[in-house]
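Asker: In order, the protein sequences belong to chains D and C.
Position one of the first sequence corresponds to residue 1 (our numbering), numbered consecutively onward.
Position one of the second sequence corresponds to residue 1001 (our numbering), numbered consecutively onward.
Take these hints with a grain of salt, some might be off.
To be verified - BS3-like mimics (lysine-lysine), calculated; alpha carbons at most 27 Å apart, straight line:
1) D:111 x D:156
2) C:1223 x D:111
3) C:1377 x D:213
4) D:131 x D:67
5) C:1010 x C:1223
6) D:131 x C:1016
7) D:110 x C:1223
8) C:1016 x D:7
9) D:108 x C:1288
10) D:228 x D:181
11) C:1223 x D:7
12) C:1352 x D:154
13) C:1288 x D:67
14) D:211 x D:228
15) D:241 x D:7
16) D:111 x C:1010
17) D:135 x C:1377
18) D:7 x D:67
19) C:1223 x D:154
20) D:108 x C:1377
21) D:154 x C:1288
22) C:1010 x D:16
23) D:135 x D:156
24) D:16 x C:1288
25) D:110 x D:181
26) D:229 x D:241
27) C:1352 x D:78
To be verified - So these bits of chain D aren't anywhere near chain C, every CB distance computed over 10 Å:
28) 74
29) 166
30) 272
31) 284
32) 306
Unchecked claim - Listed below are several chain D residues computed to face chain C (Cβ distance under 8 Å; list not exhaustive):
33) 59
34) 62
35) 63
I should point out that these hints are in silico values taken from the structure, not numbers from a laboratory.
C-beta atoms are modelled at their ideal positions from N, C-alpha and C, and glycine is treated no differently.
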Amino acid sequence: MNEPAVKVENLVKRYKEILAVDHLNLEIRQGEIFGLLGPNGSGKTTTINCILSLLSYDMGDISIFGKPMAPNRYDIKKDIGIIMQNVAVFDELTVYENIDYFCGLYIKDKKIRAQYVEDAIDFVGLNDFRKFYPKKLSGGLLRRLNIACGIAHKPKLIILDEPTVAVDPQSRNSILEGIQKLNENGATIIYTSHYMEEVEQICTRIAIVDKGKNLALGTKDELKKLIKKREIITIDILDIKDSDIAAIENLPHVYDVTFENHQLTILCDGGQHNLIRVLDYLQSKEYSFGHVHSELPTLNDVFLEITGKELRD
Amino acid sequence: MAHIILLSWKKLFRDKVNTFWILCFPIVLGTLFNLAFSNLAKDEKMSPIPVAVILEDDEYADALEATIDEITDSTDPMLDPTYCTMDEAMELLEAKEITGILQSGEQVSLTISSNMTNDTLNQSILQAFTNEYNMQQDAIINILTTHPEKIADVLDNFETGTDYNKTVSLSRDDGASPFTQYFFNLLAMTSLFTAVGGIKIATENQANLTPLGARKCVSPTHKLVTLVSELIATTTYEFLLNIIGFCYLAYVLKVDILSRFPLSIFSLFISCLTGVSLGLFIGSLGQKQAEFKQGMVFAVTMPMCFLSGLMIGNMRIVIEEHCPIINKLNPAALISDCYYTLATYESLDRFKTDIITLIVYTCIFILFGFLVTRRQKYASL
């Protein structure tokens, strides 16, 4: 049986009076893309730094590939790739030299290293920029270089700490596709972000954290099932009688109906064909309606329902 | 290790700001010093001392006149005499056209003005001349009176000069310019400024100071390997830059710093190592950013250089008189003293003491820097 890639048990980390990580438990399976989703200051980066043994912590156990993690566990470190939130490259070295430098900290054999560096450059699409200095690169290209420096040694576990902060949409998509490719090639990915769309797009399992606590854990569908709101139907309509609003509220799976500014909003807690049933009812009462929209819940809705606040607060 | 050293050299070579300043300091300041001191050296040339000579009508006047004519008749005369009466001489002295008045007699007398305080050196020379003249005159008269048969021996002695003190020359080069000391201090300052490179080593290897430090910390390469490699790369590179500055001073400006070349270069290397390790030490202190710590380097090294005499030439002598321990502890003074002792003394004892003190400093700085920087787990990032 495969050991978990990362196992965090009862992790507690304090910064003086502030409890940054509060009895956090995580188990990240080998081969998955694991999302750590939470607002800024929720303890994601602190958790990552504890996993990497960069930060001391007050309590808890951390193991990677079944081995307890410690600062001097070089046998574990050689299998980890880290892409920091802040770009960590040398301004005085070219794209090629930067990747070569960091790859050299992991791979001693010159020939293998040269091949790995080429592979990393290909992977992030920096072939045309290999002799460029970081200062000459755009924000997106710089992020790609940052990623290349972290993955050139072909690690088994890759930790990406908000790698798309301040990146344009095109580069963001390129980075997300790259992460999926790395995962397809066999790497386990831990991806932290406060962008729910990104996490939703690429992660196989997600942990929602806030104030250092693991609030919910599962696949995106599992997480969405945790909340009551499962479908939001909005219909533009000139007017509607109160008796009809009450009748819609009695339709199956409908648990809340509001009418404001000529917009009817219907919240459903599950089930199928909710929209058809609502539209059938309105047509039967000969209401004319305009724009119709049905929306499934997002992770933000999950976060909102669990914590009572927006994810980007 | 070789991989890190090689790429670190590339980084250092492309760090134009550091390279520029380490090269610029000895070249620009050295050139300025050279221009300033060459003019001063010209001003230092001795000129004849203007003096009024009054010859009284007695048997002593001829001897004084003959003596003065003798010392005035050379290509580099000591005196510029004006033979006149006492009244004329007093007028000249009041007008500050002469330094003093020599008057013949049983004892030659010297009259100087107490108002001419800026001419004390010339007044002292005249005083010494008068004393010597009177002493020799007395000796000759005394011998002629008591042992006239020995007058020839006495005159021979005066001719050759009898020296009862044996002079042992400790000096290797008596003709060394008094201003060379400034260049020694300039070399010391440049060596200590390599501390900026040491700051970079410290900050780029600590996860709580830079993202680069964090990335290095999570790699499987032992921290000590990275630190030692970067220390080697930085020291050798800074040493190379210092050699260029040293050669510029020695071969272009012709500053007399080539005494015992291998030992001078060894001093240069040790002083660069001290500078880089000082930077490593300062860079390891606290969680302030690299820029702040670079400021600290200048705040620490400039007073050191001031105390070693970079700005005021005789500062080290003043300190030696009042608080000699500072000279023995100040790295800038120690570096400067290494070059000075190599240029001045035959013996290497003082040089060895200086070098050993610098090596001890270097060991302390490196040890402390390593102990702090090798830490791999932090309370906060």
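Asker: All the hints need checking, so say for each whether the structure fits it.
Answerer: Verification of the supplied hints:
Taking the CA atoms of residue 111 of chain D and residue 156 of chain D, the gap is near 21 Å; set against the 27 Å cutoff, the hint holds. The straight-line distance between the Cα atoms of residue 1223 of chain C and residue 111 of chain D is roughly 24 Å, inside the 27 Å bound, and the hint therefore holds. As the CA atoms of residue 1377 of chain C and residue 213 of chain D are separated by approximately 23 Å, the hinted pair is consistent with the 27 Å bound. About 39 Å separates the Cα atoms of residue 131 of chain D and residue 67 of chain D, which puts this hinted pair outside 27 Å; it is violated.
Among the hinted pairs, residue 1010 of chain C with residue 1223 of chain C is consistent with the structure: their alpha-carbon atoms are about 20 Å apart, no more than 27 Å. Simply put, residue 131 of chain D and residue 1016 of chain C have alpha-carbon atoms about 18 Å apart, close enough for the 27 Å limit, and the pair holds. Taking the CA atoms of residue 110 of chain D and residue 1223 of chain C, the gap is near 21 Å; set against the 27 Å cutoff, the hint holds. Using a Cα cut-off of 27 Å, the hinted pair residue 1016 of chain C and residue 7 of chain D is violated, with the two alpha carbons roughly 46 Å apart.
Restraint check for residue 108 of chain D and residue 1288 of chain C: not satisfied, since their Cα atoms lie roughly 33 Å apart, outside the 27 Å limit. In summary, the hint linking residue 228 of chain D to residue 181 of chain D is not supported, as the alpha carbons are separated by about 35 Å, beyond the 27 Å threshold. Restraint check for residue 1223 of chain C and residue 7 of chain D: the C-alpha separation of about 26 Å stays at or below 27 Å, so the hint holds. Of the pairs offered as hints, the one joining residue 1352 of chain C and residue 154 of chain D is violated, with about 52 Å between alpha carbons and a cut-off of 27 Å exceeded.
With a C-alpha separation of about 35 Å, the suggested pair residue 1288 of chain C and residue 67 of chain D falls outside the 27 Å cut-off, and the hint is violated. At roughly 23 Å between alpha-carbon atoms, residue 211 of chain D and residue 228 of chain D fall within 27 Å of each other, so this suggested pair holds. Of the supplied pair hints, the one linking residue 241 of chain D and residue 7 of chain D is violated, its CA atoms being roughly 56 Å apart against a limit of 27 Å. A hinted pair counts as satisfied when its Cα atoms are at most 27 Å apart, and residue 111 of chain D with residue 1010 of chain C qualifies at roughly 21 Å.
Simply put, residue 135 of chain D and residue 1377 of chain C have alpha-carbon atoms about 30 Å apart, too far for the 27 Å limit, and the pair is violated. Pair hint residue 7 of chain D plus residue 67 of chain D holds up; C-alpha atoms about 9 Å apart against a cutoff of 27 Å. A distance of roughly 21 Å separates the Cα atoms of residue 1223 of chain C and residue 154 of chain D; the hinted pair therefore holds under the 27 Å criterion. Pair hint residue 108 of chain D plus residue 1377 of chain C holds up; C-alpha atoms about 25 Å apart against a cutoff of 27 Å.
For the suggested pair residue 154 of chain D and residue 1288 of chain C, the alpha carbons sit about 34 Å apart, so the restraint of at most 27 Å is broken. Simply put, residue 1010 of chain C and residue 16 of chain D have alpha-carbon atoms about 42 Å apart, too far for the 27 Å limit, and the pair is violated. Among the hinted pairs, residue 135 of chain D with residue 156 of chain D is inconsistent with the structure: their alpha-carbon atoms are about 30 Å apart, more than 27 Å. A distance of roughly 19 Å separates the Cα atoms of residue 16 of chain D and residue 1288 of chain C; the hinted pair therefore holds under the 27 Å criterion.
With a C-alpha separation of about 26 Å, the suggested pair residue 110 of chain D and residue 181 of chain D falls inside the 27 Å cut-off, and the hint holds. Of the supplied pair hints, the one linking residue 229 of chain D and residue 241 of chain D holds, its CA atoms being roughly 25 Å apart against a limit of 27 Å. As the CA atoms of residue 1352 of chain C and residue 78 of chain D are separated by approximately 46 Å, the hinted pair breaks the 27 Å bound. A beta-carbon of chain C is positioned within 10 Å of the beta-carbon of residue 74 of chain D; the least distance is around 4 Å.
No beta-carbon of chain C is positioned within 10 Å of the beta-carbon of residue 166 of chain D; the least distance is around 14 Å. Look at residue 272 of chain D: its CB is around 48 Å from the nearest CB on chain C, clear of 10 Å, so calling it non-interface holds up. At roughly 63 Å from the closest C-beta of chain C, the C-beta of residue 284 of chain D stays outside 10 Å, upholding its exclusion from the interface. Remark: the non-interface label on residue 306 of chain D is consistent with the geometry, its nearest Cβ contact in chain C lying 28 Å away (cut-off 10 Å).
A least Cβ separation of about 14 Å between residue 59 of chain D and chain C goes past the 8 Å threshold, and the interface hint is therefore violated. A cut of 8 Å between beta carbons decides the hint on residue 62 of chain D: the least distance to chain C is about 12 Å, and the hint is violated. With its C-beta approaching chain C no nearer than about 16 Å, residue 63 of chain D sits outside the 8 Å limit, and its interface hint is violated.
Hint violations for this structure: numbers 4, 8, 9, 10, 12, 13, 15, 17, 21, 22, 23, 27, 28, 33, 34 and 35, all remaining hints satisfied.
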